[in-house]
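Based on the sequences and whatever the hints tell you, model everything.
Chains A and B are the protein sequences, given in the same order.
For the first sequence, the numbering used here gives the first residue as 95, with consecutive numbering after it.
For the second sequence, the numbering used here gives the first residue as 478, with consecutive numbering after it.
In case anyone wonders, no lab produced these hints; they're calculated from the structure.
Keep in mind it's a predicted model, so treat the numbers as computed, not measured.
All residues carry an ideal CB built from backbone N, CA and C; glycine is no exception.
Errors might be hidden in some of the hints.
[Claimed, not checked] Computed from the model, here is a short list of chain A residues facing chain B with C-beta under 10 Å: (1) Pro101; (2) Arg127; (3) Arg128; (4) Leu129; (5) Ser250; (6) His251; (7) Asp252; (8) Tyr255; (9) Ala256; (10) Arg257; (11) Pro262; (12) Arg306; (13) Gly307; (14) Thr311; (15) Met312.
[Unchecked claim] With beta-carbon atoms standing in for the labels, derived distance ranges: (16) A:Gly324 to B:Asp662: 51 to 59 Å; (17) B:Arg550 to A:Val171: 20 to 28 Å; (18) A:Arg360 to B:Ala700: 50 to 58 Å; (19) A:Leu350 to B:Gly565: 18 to 26 Å.
[Stated by the list, open to error] Derived list of chain B stretches under chain A, where covered just means 3 residues or more per stretch with a C-beta under 8 Å from a C-beta of chain A: (20) 524 to 533; (21) 554 to 562; (22) 565 to 571; (23) 612 to 619.
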Amino acid sequence: MELFQYPYMQRALIAALVIGLAAPALGIYLVQRRLALIGDGIGHVALTGVGAGLLLNRSPVLVAVIVATAGAIAIEVVRARGRTSGDLALALLFYGGIAGGVMLVGLSDATSATLNAYLFGSLITIFPGDLITIAVLGTAILVAMIALRPALFAISHDEEYARVSGLPVRTLNLLIAVTTAITVTIAMRAVGVLLISALMVVPVATAQQVTRGFRSTMTAAMALGLFAAGTGVWVAATADTAPGASVVLLAIASFLVVAVAAGVWRRLRRRATPAAAPTAEPHEVVLGSS
Amino acid sequence: MTTPVIAVRHATVGYDGRPVLRDISLTVSAGEVVALLGANGSGKSTLIRAVLGLVPLSAGSVTLFDRPLRRFRQWERIGYVPQRLGAGGGVPATVREVVASGRLARRGVLRPPGRADRAAVDAALRAVGLADRAADPVATLSGGQQQRTLIARALAGQPELLVLDEPTAGVDAASQEAFASALRDFVAGGGTVLLVAHELGPLRPVITRCVVVHQGGVCHDGAVPDPAGHHAEPDHDHVHPHGPDEPAGLWSN
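In C-alpha cells, the structure reads:
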C-alpha cells in the first residue's frame, strides 16, 4: 500500500477507477448491439492519432481523440448504411489505423517503450493534466450513459422501434460512436488501446450471467469494472506488470468465477426442485375446453 | 367525413430496383380496424413499413394524421408492434424495461420517467395479462408472451393508431385470446388499427375492413372475405400434429 503514497500512483489509480466505471457503462450498449469488438477497432485507429501526435510533438492523447472520433464516425456511417461491404470497410480502417500508428511512431523519435505504454498502459505516464482530461471526459461519459439509459436502451434493443418512436436515432448512434472513441483514448494511458475494449465488454459478460434486467446488468458491470481496474492497478504496481494486462486478466478471472458459480447454482437449484422442471410448451389449441 | 389517419397515395416501393409495391393506395380512417391480408411476399409487411417511414418510397406519398410523413413528428400518436423481438447481443432486459420503452415517444429522450409513465406501463402490462411477469427477463418468456410484451410496449405509449406486423404469427392460443381482448379494449377506447395478418383467428370479430394485397397491389378492399375452403372459419382451429409424442392433457383441459 505504500506505493500509493506516490502522486503518480494515485493518479494512475484514480484514472483506472474512472475508466473502470465508465467503460462498462458504455460497453453494455455495444454488447447489446453486437458491436463488442468495435472498441478494439477504434483503438487501432486511435494508434494512428498517437503516432501523429508523437511525430508532430503535440499531445498524443488529444490528437488520438480527434483521429479516433473521426474513425468512429466513419464506422458508424458504414454501419448505418448496412452495406454488405461494411465488414471489409471496417477491416481496412482497423488495419490501416494500426499500420499508420506503428509507421508514424517509427518516424518520430519515440522508443518502442513509448509505443508499448500506449498499447498496454503504463502507471508512470499519467501527468496531472492527463488526469484532469480523464476525469472530466470520463465523468461526462458516465453521466450521459446513465441519464440517457432509456433512450440508448431503446435504440440498442430495437432500432426500428426507436425510429418509429421518433427518437433521434442517428444522433444517439453518433453519440455512442463518439463516446466509444473518447473512452478508448482516455483509457489508453492507463489500460492501453489494445486492451481497453476488454474493460468495456468483459464486465458486462460477467454481470449478465446472474442479472435479470438491463439496469441491474449495468450496475453490476460498473461495480465489476471498478473492482478489476482498482485491483489491477494494485497488482501492476506490486508485481511490476503492465496495468492493462493485470486489469483485463482480473476481469476475465471474475468472468470465469461467476460463470462457474452461476452454473453450479443453477444445477443445484434444478436438483432441489425436480417437480417444477420441465414444463411443456403451451398447446397451440385446446380442444373441448370447458 | 372523418379525417384519414393513414393515407397512402400511389406509392411505389422497391428493394434494389425490384418493385415490391406498385402504385398502391390505401386510406384508413379513425376508428377503423383494417387487416392487411396476402400471401408471403405479397408486399403487405412492406406496405406498413412504408407507412411508418422504415422503407423509403420511390414514388407516391404517405400522410399520417393529415401530415406528410417527412414532416410528421407526433410519433406518440402511433404504436408499432414489429413481428418479433430481436435477440440483440443477449444483455438481459426485464419485461417492464422493454414495455417502458413505449413511453419514450411521449416523454422524450431527456425527461426521466414519472408517475404517469409508471402507471401507463402497469396498465399496458395488465391489458396483455403479463403483470405477474413484469420483473422476469423477456428472453425467458414463450414466443406468444414475447409478442404480448411488444403489444404492451406499443400500448404503454397510449397511441391513437396501432400498427401491427403479424401479431399472431406462431402465437399460442392463450396469447391470441389475450391479444384479441387487448385489441378490443383499444378499439372500444376509440383507437384505430392497421394490422398485417396471415389468418384472423380470434381477431375476426374486431376487424371492420380487409385489404388483400397481391403482387404489390390491392386486389380486395372491403368486407372480411368469406373463408376459402376450411380456412378462416370461425371454429376452424389450426392444428399441427407434431407426431405421436403429444403430451397428455391436450384433450382433457
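Status of each hint after checking the structure:
no.	hint	in the structure
1	Pro101	38 Å, violated
2	Arg127	6 Å, holds
3	Arg128	5 Å, holds
4	Leu129	8 Å, holds
5	Ser250	7 Å, holds
6	His251	6 Å, holds
7	Asp252	6 Å, holds
8	Tyr255	6 Å, holds
9	Ala256	8 Å, holds
10	Arg257	7 Å, holds
11	Pro262	7 Å, holds
12	Arg306	5 Å, holds
13	Gly307	4 Å, holds
14	Thr311	6 Å, holds
15	Met312	9 Å, holds
16	A:Gly324 to B:Asp662: 51 to 59 Å	53 Å, holds
17	B:Arg550 to A:Val171: 20 to 28 Å	24 Å, holds
18	A:Arg360 to B:Ala700: 50 to 58 Å	54 Å, holds
19	A:Leu350 to B:Gly565: 18 to 26 Å	24 Å, holds
20	524 to 533	holds (count 3)
21	554 to 562	holds (count 4)
22	565 to 571	holds (count 7)
23	612 to 619	holds (count 4)
The structure shown violates just one earlier hint, number 1.
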